[in-house]
Amino acid sequence: MQQVVQEIKNLSIGFTSKKGEQISILKNISTTINKGETVGIVGESGSGKSTLALAMMGYVKHGLFTISGECIYQSNDILKMKNRELENIRGRKIAMIPQNAGQSLTPNLKIGYQIDEALRLHTNFQKEDRDVKISELLNKVRLPSPETIAKRYPHELSGGQQQRVAVAMALAGSPDLLLLDEPTTGLDVTTQAHVLELLNFIAKDTGTSMVYVSHDLGAIAQVSDRVIVMYSGEIVLDGPVRTILKNPIHPYTYGLLKSIPKLTLSGLPNSMSGSQPQPGTIKEGCSFYDRCEFAEDKCKINSPELEFVSDLNTSVRCFNHKKLHKKKDEDTKSSKKVLRKLTKNEILDISSVSISYAKQKFIEQLLNKIDDTNPTVKDINIKIDKGETLALVGESGSGKSTILKSIAGLIKAKDGIIKFDKNKILSNDLKKRDANYLRAIQLIFQNPDESLNPNHTVEEIVSQPLKLYFGLSGNELKQKIIEVLKKVRLGEFYLTRYPRQLSGGEKQRVAVARAFAAKPDIILCDEVTSALDVSVQAAVLNLLQELKVDFGTTYIFVSHDLAVVKAISDRVAVLYQGRLCEIGPSESVYKFPSHPYTEVLLGAVLEPDPDIKPKLVAEDIVEEKPPEKGCSFQGRCPRLLGQICKTDVPPWQIDENGNAIRCHIKINDLKNQQISN
Amino acid sequence: MLILVLKRILLGLITLFIVSLITFVGVEVLPGDACTTYLEREAYGAALEACYKRLGLDIPAYERYVSWAIGVIQGDFGYSLSGEMKINDVLGPRVKNSLVLASASILIGIPIALLLGIITALWRDKMPDIIISTFTIFSMTIPEFISATLLILIVAIWLEWLPGIVIVPTGVSVSELLPNIILPVIAISMIMTAHMARMVRSSVIQVMASDYVQMAILKGVPYWKMVFKHVLPNALLPAINVVALTIAWLLGGVVVTEVVFNYPGLGRLVIESISNRDLPVVQALAIILASIYVIINLIADLLTLMLNPRLKSLQIKK
Ligand SMILES: Nc1ncnc2c1ncn2[C@@H]1O[C@H](COP(=O)(O)OP(=O)(O)OP(=O)(O)O)[C@@H](O)[C@H]1O
Ligand code: SF4
Ligand code: SF4
Ligand SMILES: [Mg+2]
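Those sequence lines, one after another, are chains A and B. Each position in the first sequence, counted from 1, maps to that position plus 26 in my numbering. Each position in the second sequence, counted from 1, maps to that position plus 147 in my numbering.
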């Protein structure tokens, strides 16, 4: 018999709505966490994952309350404990690693103090021993020079470092159970892979049980032994990680897995229609009913119970799960990616563009030039054909958004020329740009909450470009707005809605509609899906694809998610510290990531499959500034050739597939080295 | 850091310069001038000439501005009209009296406001919060002249505990002044305290809802320790500026209250000199009030800079 660390029995948590109704956001949750086990809790935003994890520590957010049920820790209900008892458990027996470490470290206290605080509370060490222990902990989470880190304030660390500090703090009391709420969301791919690897190591090393909450099945696959899938406040599936990810017998999980872009898949993933119901809106029947492709009439009225399927060792909440037992990935037919026709019809030519954020000195302002020998973005040369989708990838700070902004005219380039439609030079000053060029290039942002004016209705938002560029008005305008909205699959009744009345996916559709209303030639997409849940992300990607087929639009698509990029792009450009490393057709870049940096990036991608492990080939150091001379990647390159990398900018080399890389090592040698590894 | 401080000081000086210009120009463009207003019907011939000469109104405006400004910088505001007194002599005791009143209000008001704000935030939606919040919102809505009058009515007239209005000569010593200021201080600090308490409350509540406080709780930090180490330093930082604004705003409250209580401070002088059309005094008062405003805000900015590790290290790095 396995030792149980925590048992959750029939837990329901809810709030009282303005109308006085009691609304549950967790419904009848029962599960157990065993000793030494890592349990992944996955579900889309708002499914109640965080609420559940916090309840395991006896913490219920202000405004919420426990309706029924208990969380048993060492034969006591943690939800009924007094503060004094909780203080002895929290941090000592059960510790939390928060979603956003940056915001979870107290800004006015030094890192060392915050770790010391945990030690003082949960151990009997004297001051000197604690100091030693702080260094040990920081070392354990692989932070360089612990002494200096301890003296810093939280804002003086990078995101990955803050996350590590949070891990160190949680380990201070040597807890039995670690709760992790999206610990890697918001980190770069490489950093994310490193933090996960660290967590796996700690789980093995200390034997701590972990509960890992995430919306990212890729991360869940890497760390969990068991997975719990939540939907709308209920557990819909609970079983061993391989069963859940390879033979998902609940329709929601099945659909979710199909909507994730994967490196092993070509083309776009299937999207799932609809979105998760708001808490309190489902009164009867299965909460997944209106999105389920296996739904039957009985699902509408009866709510399925959690049922244990013994041959799979899995609990499932669905009447029809048997239909999915034998269903394997074979029938995952992804919609084919439409490849560009090689027209050789150049629409944008970016040549030798450099962009600097350095503050202009007074004299320079007068002379209207910038004197920065080491600009943020340097020497970018890219030609883009009509109807092509070019993706820009790279870690945060690699200058992806900066390049988009300078194409859109929002940032002035320091040097270089951007030509539109073969020979028309785009002024780098927005005010001097021809209105027609402004129309031709549209931008869609990462966060629709910030880019849509909250005080405008959908109608007003979409009408702006139509009025501005085409001078439409009255009935004609209205018809056009409806037509554009239809293109992004939003019905007429959305016209009078405000952004706050839309879901994340719907908001992003409105943003897409606004961009398309201008009949642009080029659309710049800046991380347009990264704020969305996977099921919604697939829908937005498919939408962009269809619009491309209909209008022949050219996209420049920025994303840090390499699987998404693979799904949508014709060509990929890899950036490191604002310098191009590799550019080529996506098929061949993904097959032979020749440049050492591309190799590092692709190696760190997390697949939603526990049997595919990321390859960590380089340290995830954060570099503040690009190096003054030599190759931009010299600081982290696992294949560093020698002195030449530090002194000379590497030359461009092209292989037979049209992959161009910038490295001192011969492109064929790089490929051979990768194969021999 | 130093550069930033110097910049702020420079900005303050520019503000003062502009205020001085505006008051000066304002006085210039008003129909009539100091002498005609003062002499009224006798404003002709030799008397007018003499007056002009005495006040230096016979020289061009810009020259007058320059010499006046130089005087002000040296701490000399020239002569008042009515009493033919040096303005400095008029102002001196008044400034002292008002300072006594204002600082007593601040010294009592700020600690009470902090305490109430913190209590209401920590016991949010519970009895202490409901009671105190009702009270603070109530006192925020009554203007000073009403609360002051009510105070006089209740405490001085019905209960006869304290004198209702202040009947001491302008130049009395602080110790003689003290019993007289109790009621005015209460009247002034009521609104100010209520305002600040609300601000502190919302600031503390915001910090209490932050991820790092949640984290501290989950780390097992005992409640009061969490409040003092993790919450208050972060919550009170933004409150510094609010306090500064409230103090500056208190200047207005002082004017009203002083008039109601007949208190011999700057506020009453403002009203008196405006009704007497004693323009040189009005000018002097405008400059003094503006300087207080600027100085208080400067102090608040510097305090924030010093206490916020984020800003501090940013500045040092540069
Ligand atoms: N204080 C509150 N009052 C009312 N409703 C709340 C409150 N906090 C959370 N909710 C609701 O409870 C539901 C579950 O929230 P929870 O934070 O647990 O979701 P989650 O699965 O962690 O989502 P995410 O992936 O976005 O972190 C959501 O619908 C949310 O809107
Ligand atoms: S119970 Fe019915 S609606 Fe619910 S998931 Fe199963 S098949 Fe779909
Ligand atoms: S040039 Fe040198 S440092 Fe740069 S990628 Fe190639 S081997 Fe690495
Ligand atoms: Mg969450």
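Since the hints were derived computationally from the structure, they do not count as laboratory data. Please read these numbers as outputs of a predicted model, since none were measured by experiment. Honestly, I wouldn't trust all of these hints.
To be verified - Once the Cα atoms are required to be at most 20 Å apart in a straight line, the calculated DMTMM-like pairs of lysine to aspartate or glutamate come out as:
1) 136/A <-> 358/B
2) 45/A <-> 272/B
3) 372/B <-> 111/A
4) 87/A <-> 272/B
5) 87/A <-> 223/B
6) 44/A <-> 272/B
7) 349/A <-> 331/A
Regarding the pair residue 87/A and residue 223/B, is the alpha-carbon distance no greater than 20 Å? violated, 61 Å
Take the C-alpha atoms of residue 372/B and residue 111/A, compute the straight-line distance between them, and say whether it is at most 20 Å. Within the cut-off at roughly 16 Å; holds.
Pair hint outcome, residue 136/A versus residue 358/B [Cα-Cα no greater than 20 Å]: holds, 17 Å
So if I understand the rule, the pair passes when the alpha-carbon distance is 20 Å or less; does residue 44/A with residue 272/B pass? holds, 16 Å
For a C-alpha distance cap of 20 Å, please report whether residue 45/A and residue 272/B respect it. holds, 19 Å
Take a quick look at whether residue 349/A and residue 331/A sit within 20 Å of each other, Cα to Cα. holds, 17 Å
Holds or violated: are the alpha carbons of residue 87/A and residue 272/B at most 20 Å from each other? With a Cα-Cα distance of about 15 Å, the restraint between residue 87/A and residue 272/B holds, given a limit of 20 Å.
Consistency with the previously given hints fails for number 5 only.
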